[in-house]
Every structure is written in C-alpha cells, then in structure tokens.
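Colleague: The numbering of the sequence shown is the numbering used here, which starts it at 1 and goes up by one.
Honestly, the hints are just simulated from the structure, not real lab data. Treat each hint with caution, since some may be false.
As the list claims (entries may be wrong) - As a list, the in silico DSS-like pairs of lysine-lysine whose alpha-carbon atoms are at most 25 Å apart: (1) K157 with K96; (2) K48 with K196; (3) K196 with K20; (4) K202 with K157; (5) K32 with K96; (6) K32 with K48; (7) K20 with K48; (8) K202 with K96; (9) K157 with K23; (10) K20 with K32; (11) K157 with K48; (12) K179 with K157; (13) K196 with K96; (14) K179 with K20; (15) K179 with K202; (16) K120 with K32; (17) K157 with K120; (18) K120 with K202; (19) K196 with K179; (20) K196 with K120; (21) K120 with K23.
As the list claims (entries may be wrong) - Pair ranges (Cβ atoms, derived): (22) Q112 with P56: 39 to 49 Å; (23) K23 with E151: 34 to 44 Å; (24) Q103 with E128: 15 to 25 Å; (25) A199 with G11: 35 to 45 Å; (26) D8 with Q162: 14 to 24 Å; (27) Y124 with R10: 36 to 46 Å; (28) P154 with T205: 15 to 25 Å; (29) E195 with D8: 16 to 26 Å.
Note that this is a predicted model, so its numbers are computed, not measured. Cβ atoms here follow ideal geometry from the backbone N, Cα and C, with glycine treated the same way.
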Amino acid sequence: MDTELRVDARGLACPLPVVKTKKAIENIDSGKVVAIVDNTVARDNIMKLAQGLSLPVDVVADGTDFILSIMKGGGVAVAEPETGSEAAVLPERSGKNVVILFQADTIGRPEQELGDVLAKSFLYALTECTPTPRTLIFLNGGVRLTCTGSEALPSLKTLEVQGVEILSCGTCLDYLELKGELEVGTVSNMFSIIEKLMAADKVITVG
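All chains, please: the whole structure from these sequences, using the hints.
Modeller: Now the structure itself:
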C-alpha cells in the first residue's frame, strides 16, 4: 500500500523546507509526499529537488500557500541527452568538479571601483578558459552580479550557454530585494549549495 506523508513547512527558514521534504521522500519506498509552504522561494526549491530526483511534482496555490505533491515509486522517464546536429557544442571539461564561490560583487579590497573592474574581468576570462568550472555560486552581495544592471551579465550568459551551472542564493536575493531582478542562472537554497560544495573536487572562493 502506498504511503502519504505531509510536510508542513510554512514559516520555516531556508533551507528547512527542502531538508524536511527530502527526508520525507527518503522515508518512503512508494507513495506521495505533500509539502505545504508559504513562499515562492521554498516552492521553487522543492520543485527543483523533485526534478533533480526525477520525481513528478504537482503544485497548487491555496491562498498564500503552495501545496506540492511529489510522487515516488512509478517509473519516470528521464530525458535522453541530445545527439546529432541539434546538440550544443560545449567546451572541454576536466574530470574535476570545480566550483567557484562568489561572496561579493567585487574582488579584493579596499578599492571598490577597482574591485568592480576585477570581477568583470575575472568572469570574462572564465569564458575564454578551458576547461570551464562546473558551477558558479553567488552568495551575499555576490548575487548582484547575476541581476539586472550587472556589467558581468554578458560573460555569465556565455558561461551558462557553455554549460556552466549558475546558482544564486534565494535568501540573499530576497534580503537585497533582487528576486525579480535575476537575469541569469537559477535561484538556489543553502541546502543545495552545501551539497554542491561538498561534492566538489575543488572550491575557489572569490570576493
């Protein structure tokens, strides 16, 4: 008999909604996990969790809440990688999983203007490097680099096309009131960011 677990994550700070939902999924062999959250960041993060696990997820808005139903147990088709002429040509990747962590929107101190120039130059240089890093993570003021008005956007968009994963901290975007300004990459949460850092062969911190 299939199991149904409910996770009421309303009012919980990031990354607790994702953590509790992930534990509930792990605790059943077959059935449904229903997660209830009260903000779009938690909703999006749980949807990404389900998609990352190749599990179907249904989302329903209920007033200010969101109800996410995640099914586990049935076979789920996984998309095959593109082949042939339509497949994207990506730059060479090393065998190492390199993650670059941006903690600010400038590089170095104390000269702010110089730091802006260095950050823009650093990201441009990455577009010309082989191999490319696996993931770029932006925390705190670093998320400004991925938002409207950033002079680094052309380089970041090039890196994204090249297959580099670009993640911006959702809590940071909310705090800086930039959630609606994100121009490249996706919103992430601290749980997923920690997973990326722990899985990396090498982490480079910039900022």
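Colleague: Hints first: check each against the structure and report whether it holds.
Modeller: Going down the list of hints, with the structure as the test:
no. : hint                       : result
1   : K157 with K96              : 22 Å, holds
2   : K48 with K196              : 14 Å, holds
3   : K196 with K20              : 18 Å, holds
4   : K202 with K157             : 23 Å, holds
5   : K32 with K96               : 36 Å, violated
6   : K32 with K48               : 17 Å, holds
7   : K20 with K48               : 14 Å, holds
8   : K202 with K96              : 8 Å, holds
9   : K157 with K23              : 34 Å, violated
10  : K20 with K32               : 14 Å, holds
11  : K157 with K48              : 21 Å, holds
12  : K179 with K157             : 18 Å, holds
13  : K196 with K96              : 13 Å, holds
14  : K179 with K20              : 24 Å, holds
15  : K179 with K202             : 29 Å, violated
16  : K120 with K32              : 46 Å, violated
17  : K157 with K120             : 13 Å, holds
18  : K120 with K202             : 22 Å, holds
19  : K196 with K179             : 22 Å, holds
20  : K196 with K120             : 24 Å, holds
21  : K120 with K23              : 40 Å, violated
22  : Q112 with P56: 39 to 49 Å  : 47 Å, holds
23  : K23 with E151: 34 to 44 Å  : 41 Å, holds
24  : Q103 with E128: 15 to 25 Å : 23 Å, holds
25  : A199 with G11: 35 to 45 Å  : 30 Å, violated
26  : D8 with Q162: 14 to 24 Å   : 41 Å, violated
27  : Y124 with R10: 36 to 46 Å  : 43 Å, holds
28  : P154 with T205: 15 to 25 Å : 24 Å, holds
29  : E195 with D8: 16 to 26 Å   : 24 Å, holds
Going down the numbered hints, you'll see the structure goes against 5, 9, 15, 16, 21, 25 and 26, while the others check out.
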